[in-house]
Structures are given as structure tokens and as C-alpha cells.
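**Student:** Sequence:
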Amino acid sequence: MSGVLFDRPVRQVAYFCADVRAAALAHRAAFGSGPFYVADHVPLAASVHRGVERPFDHSAAYGQWGEVMVEFVCQHNPAPSACHDLFPADGGRYGLHHMALFVDDVDAEVARLGALGFPLAQRSVMNDGFVFAFVDTSAALGHMVELYAPVPVLTGFYDLVARTAREAQDGPALIDVAFS
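Residues 170 to 349 (my numbering) are what the sequence shown spells out, left to right.
For the record, the hints were derived by calculation from the structure and aren't laboratory data. Keep in mind that this is a model prediction, so the values were computed, not measured. Accuracy of the hints is not assured; some may be wrong.
Distance ranges between label pairs, derived from CB positions [said to hold, decoys possible]: (1) Glu222 x Glu336: 34 to 44 Å; (2) Asn246 x Pro178: 31 to 41 Å; (3) Ala258 x Arg335: 31 to 41 Å; (4) Ala308 x Glu336: 36 to 46 Å; (5) Leu285 x Val217: 35 to 45 Å; (6) Gly220 x Glu336: 39 to 49 Å; (7) Pro321 x Arg177: 12 to 22 Å; (8) Ala187 x Asp345: 12 to 22 Å; (9) Val173 x Asp339: 35 to 45 Å; (10) Leu323 x His210: 12 to 22 Å.
Beta carbons are placed, not taken as given, at the ideal position from N, Cα and C, and that holds for glycine.
Start from the sequences and build out the full structure, keeping to the hints where you can.
**Tutor:** See the structure below:
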């Protein structure tokens, strides 16, 4: 690494919001992004926040915004989480939550960043085994950084979102999707 914290491109910009559908539609109207794939109550096999297993009931909307994916995420339960670290459950505040990066090894990158003073905020595993982790870079960057490996299920979804944006601008603005 050449003295920079990250030597890879940002793949996604994500915002914490109250309602993923409303936020996606507003972003589409303002910026021409999307269409957006909406996943309600994303199923997780496990989620550990700050070393404690906790429920993380969330929904998300994913759309293309130029060269980057944009995500809107809301949390349905008041449990502590990487979302509520920046936006308390009772605060009514919303905004930029994280930027996401592809890394070869999530746990190795979490360890590298931890050694630099950026602690792991949350590590979650989806039912299909897909892992994503939020590293707390908020003191330096003002937001979290999400890490995940570019496995085929993820890169295929990124490709689908980008292709839909190129080919289906006149189609529906919101497309429901279910993750297993």
C-alpha cells in the first residue's frame, strides 16, 4: 500500500434512511438513478455488533447512480448496530452511512484496519454464507466502510443492477427482490 488507507475503488455509496422505497424514489427523481431493487427484512444467519450477537432487521434498496451503486438502508428494530452507531434509533437523523469496497479477504482487511485504529463495528452473515462487515472509520471519514469479497453472487447482483439501469430506465422504478 502506498500510504493511502484504501487502494481500491468505492463500489457503493449507502445512506441510512427511514423508508428505503421513499428514499430511492426521491433519489431517482433528483439524480436519475435506478431503477432500484428493494429487499425487505434481509435474512441473516448471524450478526455480531461490537462483539455481541444482535438482531439486525433491515431492508435495503439498490440502484445504479452513474458508475457506482447507491444503497438506501433502514433498520426496523432498535437493537444496537453499525447503523445505530452513527444514527441512533431514537434520533430521527439520516444520512451517509457507508461506502463499500471489494476486498479479497474480509477478515484480513478487518484485521489490517483494526491495527490502524479502525475497529470492526459489525460483521454479518447472510443465510447463503455471504459475509459483510462494517469497519468504523467515522472518526477519520465521517462514515463507516463496508467490506465484502467479490464472490459471484455479489458481482452478479452488481452486474444486474448496472444492466437494469442501462436497459430499463422506462420500466418500474422499484423492483422487489428477496435474498435467501
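**Student:** Would you mind marking each hint as holding or not holding in the structure?
**Tutor:** Status of each hint after checking the structure:
1. Judged by the Cβ atoms, the range 34 to 44 Å given for Glu222 and Glu336 holds: they are separated by roughly 41 Å.
2. A C-beta distance of roughly 32 Å is found between Asn246 and Pro178, which places it inside the suggested range of 31 to 41 Å.
3. A C-beta distance of roughly 37 Å is found between Ala258 and Arg335, which places it inside the suggested range of 31 to 41 Å.
4. Between Ala308 and Glu336 the beta carbon distance is about 41 Å. The supplied range of 36 to 46 Å therefore holds.
5. Judged by the Cβ atoms, the range 35 to 45 Å given for Leu285 and Val217 is violated: they are separated by roughly 21 Å.
6. In this structure the supplied range 39 to 49 Å holds for Gly220 paired with Glu336, their Cβ-Cβ distance being about 44 Å.
7. Evaluation of the 12 to 22 Å hint for Pro321 and Arg177 yields a pass: the beta carbon distance comes to about 19 Å.
8. Distance hint for Ala187 and Asp345: a CB-CB separation of about 19 Å, consistent with the stated range 12 to 22 Å.
9. Under the hint 35 to 45 Å, the C-beta atoms of Val173 and Asp339, about 40 Å apart, fit the expected range.
10. A C-beta distance of roughly 19 Å is found between Leu323 and His210, which places it inside the suggested range of 12 to 22 Å.
In terms of the numbered hints stated before, the structure departs from hint 5 and from no other.
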